[in-house]
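**Q** Sequence:
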Amino acid sequence: MLRIDSCEICGNSALQSVLDLGSHPLCDDLVPVGDPRVAEDYPISIGFCSECKTAHQHYQVPKRVLFPDSYHYRARHTADVLNGMRQLVERCALEVGCLKGRTVLDIGCNDGSLLSIFVEHGARTVGIEPTGAALDAKAAGHEVYQDYLSAEVAEALVSKHGKPDIITFTNVFAHIEDLPSVLAAIRSLMSETTLLVIENHYLGAVLDRYQFDTFYHEHPRTYSLTSFVRIAETLGARVVAAEFPARYGGNIRVMMRLGSAQSADSDGALAEYLAAEADFGPRLQALGQRIPAWQAAKRDQLFKLVAQHGPLPAKAFPGRAAILVKLLDLDETMVSAAYEKPGSMKVGHYIPGTRIPILSDDDFARRPSKETPLLNLAWHISAEITGYMRKQGFEEQIVDIFSVEEFDRFGR
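Heads up: take any position in the sequence shown, counting from 1, add 252, and you land on this note's numbering.
I should point out that these hints are in silico values taken from the structure, not numbers from a laboratory.
Calculated cross-link-like contacts (lysine-lysine; reagent style DSBU-like; alpha-carbon spacing at most 35 Å):
#, residue 1, residue 2
1, K352, K390
2, K556, K593
3, K593, K622
With the hints as constraints, model all of the structure from the sequences given.
**A** Right under this line is the structure:
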């Protein structure tokens, strides 16, 4: 692991330690059911840069460990993600005009879901994806480079396709290991007319909704708008728009173009957002101090449910749930199984660090007890999960593993 003690965006050497979650398994280290291997734990400790308002993992796990060829996540399985992608494509069309014939490069394209939506608008599509998800994107008809973004990949791509009209990063920018080299590669991909669109989890939304479960190992950094303004400066670019979509519990979407000239309207809007980030450091420290009280109260609540009903079935396993499962010390005596959509590559594995199996929704009808409450691990899309389960005929209580309201009540 690499120890990070200075800011990778602005160079500030005085990162402030603000939150320590202990050691956790990697959220994608899914051990097959029946395999005796035990997932390895790695520390999660967050440092904060007061200069550019960026949260950093003090300990970075190498990217080839985090994102192996067998990486299980596929964007197409989550309706909230697909809806957010459609909104992003519509927003790009408003910014650049008709998308027909435009070349779109999606970096970290996963299974090609976003690129497929661009194709519906007539765009030409190219993707970069280091994991086995690249095969899914290729099967969907996209030109895909199965690799990490680098100067060499950028050069090959420009040589074959020219400089893209639109470059997108959707919930990928947090995953970047070597930020300076990636920024250099991005700069070589951009022309004077290229629109760079970065959408990622927003540090402000993490604080507003107490989303400390997003500080998992795959996210070396969590960004503010101040972070992206500094990144734009490094690229020789300007932020032309900053927006805050609701997906993933609160994202930030920034659009950049080369050049430094800002419009007065853009400057005014950005200044208001930037001013609101002044207290992010103290708020992160306060969040860390409140977690133990929530942890104890939530575990007590779940123990009482298990004592009354026996082990609870759980719905879904988003990667971020690994943090909460470990903090609450959940195991197979408390959770009988987690149920994922049929076809998910997570099915047939254990939740990381446990022997709780991940099963298909097709098996849900065969769960041990039909009258037991359901534990929702995907609390950040609670309405979607609840709606889905009610449509399947599930009438029992649904308990979110986390909620803002409970944290306000418990975390004191």
